[in-house]
Amino acid sequence: MLVWSRPGRIVLWMLFALIFGVLFLAPLAVILLSSLADQWNGVLPNGLTTEHYTDVVRGSAWNAVKASLITGFLASALALVSGTWAALSLRLQGHALRRLLGLLFFIPSAVPSVSVGLGLLVAFSHPPLLLNGTIAMVMIAHFVLISAFTFGNVSAGLARLSPDFEQVASSLGARPAYRLWHVTLPLLAPYLVAAFGLSFALSMGELGATVMVYPPGWVTLPVSIFSLTDRGDIFAGAALTMILVAATLVLLLGLERITARATGS
Amino acid sequence: MSAAAFTGTSVMDIDAAKIRGAGSNVHFDKVSVAYGAHVVLHPLTLDIAPGEILAMIGPSGSGKTTALRAVAGFVRPVSGRIRIGATDVTDLPPYERGLGMVVQNYALFPHMRVEDNVAFGLRAQGAEKALIAERVKDALGTVGMATFARRYPRELSGGQQQRVAIARALAVRPRVLLLDEPLSALDAQIRRNMVEEIARLHRSLPGLTILYVTHDQTEALTLADKIAIMRDGRVCSHGPTTELYRRPPNRFTAEFLGRANLLPVTVAEAVGSKGFATARHGDAVLTGAGRDEKAGDRSLLCIRPQHLSLTAESQHTNRIVGTLREVHWQGELTHLVLDVGGTPVRVSATKLPIALPEPGAQLPLFFAPADTSLLPEDAGV
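Chains as they are written, first to last, in the numbering used here: chain A, 290 to 554; chain B, 162 to 542.
Hints are computed from structural coordinates only; laboratory data are not their basis.
Please read these numbers as outputs of a predicted model, since none were measured by experiment.
If a hint is listed, it holds; no wrong ones were tucked in.
Only some residues are given here: those of chain B computed to face chain A with a beta carbon under 7 Å:
no.	residue
1	M262
2	V264
3	G282
Computed footprint of chain B on chain A; a stretch qualifies when at least three of its residues, placed anywhere within it, have a C-beta under 8 Å from a C-beta of chain B:
no.	segment
4	452 to 459
5	472 to 485
Not close to chain A: a few residues of chain B, all C-beta gaps over 12 Å, as computed:
no.	residue
6	H188
7	H203
8	G222
9	G246
10	T308
11	R361
12	G492
Ideal placement from N, C-alpha and C gives every residue a C-beta, glycine not left out.
Please put together the full structure from these sequences, using the hints given.
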């Protein structure tokens, strides 16, 4: 406790409530209300309805949810495997090379997603790498954008992992593959799950690159939301947004439970 | 969990002979380790006999852990060879060296139960299930942890975790057991108990060679058959424990291995046939155990604090007088600090005169020549 006085604590709590309420809760509350609004002409909606949810579920919402979940899951899984592989490999390199490659892995996260989409569009628009208009392009775009975060998370986990575990395992006769599977990866499990969760959440919300490369028939939730709001159908867009938030939240909570069970925490 | 937990068991005893047969001596042959231009271990030549406990002690950065890690295979020597038994292991990966290792923070795998931790090495080596079950039971029984087999490491105390770590290392029947500051994370009382238990364990496994790295001289003195004292990447002294303690070859050893009073003296009469020399400290003429000191040599006379007495006994033919500066009563022992001709001299006394002397008092100190050792004044290493 940094602040001991009661008035000081009250002021801090009020400041927290203000920041949290204005920056986090207010936008979500507005979207939630929009998704349930019959008409909205004043400060609050004129009436509430679930009609927008019914409309989007009857329409293409389910396909969009499916496209987002599959894209998020596959891209995150791919990013997890490659990010873990990269983090494990870099550990074996010299200090200078490790730092250089570590920085290079983070470059995609610094490039605007629209530019990543454009770059992929140009790069894969000619044979033999003709992938334009395919689902693979969406996967690649998401993979490029989220892999840096996966790599970062796993690297952080590895840095916290005492070398004693692996060294003791080796001294007991465990070959590298056995050691990786039975010691290193289980010890990294919380970081792997966190990396997957973060990647999945980022993928679920990805719009900039996806809108550049998505093929017909593979419209993700953010693209659907963008289309709806662009057409002026704000309430349907809000309903779809809430579905996106709910789907992401359910998956992240599920992952957290798996981690808690695995680590016994 | 009782303190006296380590009990030798049949399978372990049978294997002791097997370990001896496989050759469990360790030989460092001019082993040198460097990180870039920085040499952390200067060419080290050292032997650990089969069944011997060698304690490597020294201050931080002295190279003792590096030497152990070189044996384990986690550090690659820039020159020299390491042999375990008849096998040159220098180029072998750690998992082919047939060792067991226990580290300071136990490094028990937190996601495995105690029994799975102990079984880890055997499973990694592809042992049969029946053998694994037998060895796990045996190893846990040896360290008195059989009833904790289904627990997770987080459900154990520090001492219990260290027992499991030892059981895990023993289960693979290592040729050599490497203990890297294994008791450093434990509190003083448990550490004392564990030292005694490791000593008992070694008595039940006489064939097991142990390389024990520690910075704690008490652990080294209690456990080791031989001690190697490291300093600045070099072995400063090496020899049987009692010999090294009683006759330290240099000042660093004398001061690092227990407390030592080092009186500057000038040799008056060279070492005679009985191994004693006569030396002067101020007006006092003293007799001390020497090596090859000659008349006129400047030396240090090493006397342990517990060998100094305030009362004369028949063997106490040496006498010095000092001014009492400090008295520290510590229950079992009373520590006195005296000024003897400008040199601080510590006395650890179990018995004192009824009236405790006051600081400033002139006190005579008596000691036996056999309890002393002359060492060269200039020999830091």
